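Given the structure of chain X, go ahead and fit chain Y onto it with the hints provided.
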Amino acid sequence: EVQLVESGGALVQPGGSVRLSCAASGFAFNTSWMNWVRQAPGKGLEWVANIKEDGSEIYYVDSVKGRFTVSRDNTENSLYLQMNSLRAEDTAVYYCARRYDFWSGYNYYYYMDVWGKGTTVTVSS
Amino acid sequence: DIQMTQSPSSLSASVGDRVTIACRPSQSISNYLNWYQHKPGKAPKLLIYAASRLQSGVPSRFSGSASWTDFTLTISSLQPEDSATYFCQQTYSPRWTFGQGTEVEIK
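First to last, the sequence lines map onto chains X and Y. Count along the first sequence starting at 1, add 1293, and that's the number in this note's numbering. Count along the second sequence starting at 1, add 25, and that's the number in this note's numbering.
Next comes chain X alone, as it looks inside the complex (with noise of 0.2 Å):
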């Protein structure tokens, strides 16, 4: 079974530092790009960072640029978002999700086939 499963949300004050995880199986992990994606209370979902395969291409939105850092282990099939810096506006449920590339003969065409369950971070003293 196509599987992903979040963990290491906490309540942290304002400024610590939290470091999420995401178990993945049943795929070929290690050719995929992972995406991160957050909704905090009351709001809609929000992108907040993806990793290629190998690692050696990683985007962010703006608003986590220098706090938080996307990382992956091939070997053990696992995603991470480290989150330093935190901020209240930080507080939401974190999911991890799987791209999918489709080849329409002409484009390739991205979205998230495989979400996990989430976690949540609650940022607050």
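The set of hints was computed from the structure by calculation and includes no laboratory data. Computed from a predicted model, the values in this text were never measured in an experiment. Some hints could be false.
[To be verified] Sample of chain Y residues facing chain X (criterion: CB under 8 Å; computed from the structure):
(1) THR45
(2) GLN52
(3) TYR57
(4) ASN59
(5) ALA68
(6) PRO69
(7) TYR74
(8) ALA75
(9) LEU79
(10) PHE87
(11) TRP93
(12) GLU106
(13) PRO119
(14) TRP121
(15) GLN125
(16) GLY126
A virtual CB, placed ideally from N, CA and C, is assigned to each residue, including glycine.
Here is chain Y on its own, set in the frame of chain X:
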């Protein structure tokens, strides 16, 4: 970053109604547009990718279309289990963005 504007932000409709949700990007994104359904406490679910392609296993009452500047998600006959929030998402630029969501309520 590319901004995605959805409308309406919420709607209430009856079972069997035809429902449409619009999504407008701040710049051209070709057909790099996906639609997701999200229910509280669950993982988001992909409905439509590449603007109009139905994800495997998704009921055929869901469809997506594109005009010159806008994208539309249509539910042809609303069902009770369609109560959820729907998000569009662009994957044209490396930094992906979502619309703000449309909450669909069943009357």
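Q) Would the hint on ASN59 (chain Y) stand, with a C-beta cut-off of 8 Å toward chain X? A) Hint on ASN59 (chain Y): holds, closest Cβ of chain X at ~5 Å, below 8 Å.
Q | Hint check: 8 Å Cβ-Cβ cutoff, LEU79 (chain Y) to chain X | A | violated (12 Å)
**Q.** Hinted contact TYR74 (chain Y) with chain X - closest CB pair below 8 Å
**A.** Cβ of TYR74 (chain Y) sits 4 Å from chain X, so the hint holds.
Q | Proposed interface contact between GLY126 (chain Y) and chain X, which counts if any beta carbon pair is under 8 Å | A | Holds - the Cβ of GLY126 (chain Y) comes within 8 Å of chain X, reaching about 4 Å at its closest.
Q | Proposed interface contact between THR45 (chain Y) and chain X, which counts if any beta carbon pair is under 8 Å | A | violated (19 Å)
Q: Return the status of the interface hint for PRO119 (chain Y): holds when the least beta-carbon distance to chain X is below 8 Å, violated otherwise.
A: holds (5 Å)
Q. Is the hint on ALA75 (chain Y) kept, meaning its closest Cβ partner in chain X is under 8 Å away?
A. Result: holds, 4 Å to nearest chain X Cβ.
Q) Close enough to count: is the Cβ of TRP93 (chain Y) nearer than 8 Å to one in chain X? A) Violated: closest Cβ of chain X sits about 18 Å from TRP93 (chain Y), beyond 8 Å.
Q: Let me know if the C-beta of PRO69 (chain Y) comes in closer than 8 Å to any C-beta of chain X, holds or violated.
A: holds (6 Å)
Q) Against chain X, with CB atoms and a cut of 8 Å, does the hint on GLU106 (chain Y) hold up? A) It is violated, given that the least Cβ distance between GLU106 (chain Y) and chain X is near 18 Å, above 8 Å.
Q. Can the hint on TRP121 (chain Y) be confirmed by a CB-to-CB distance to chain X that is less than 8 Å?
A. holds (4 Å)
Q. Given TYR57 (chain Y) was flagged as interface, is its beta-carbon under 8 Å from a beta-carbon of chain X?
A. Cβ of TYR57 (chain Y) sits 6 Å from chain X, so the hint holds.
Checked against the numbered hints given earlier, this structure breaks hints 1, 2, 9, 10, 11 and 12; the rest are met.
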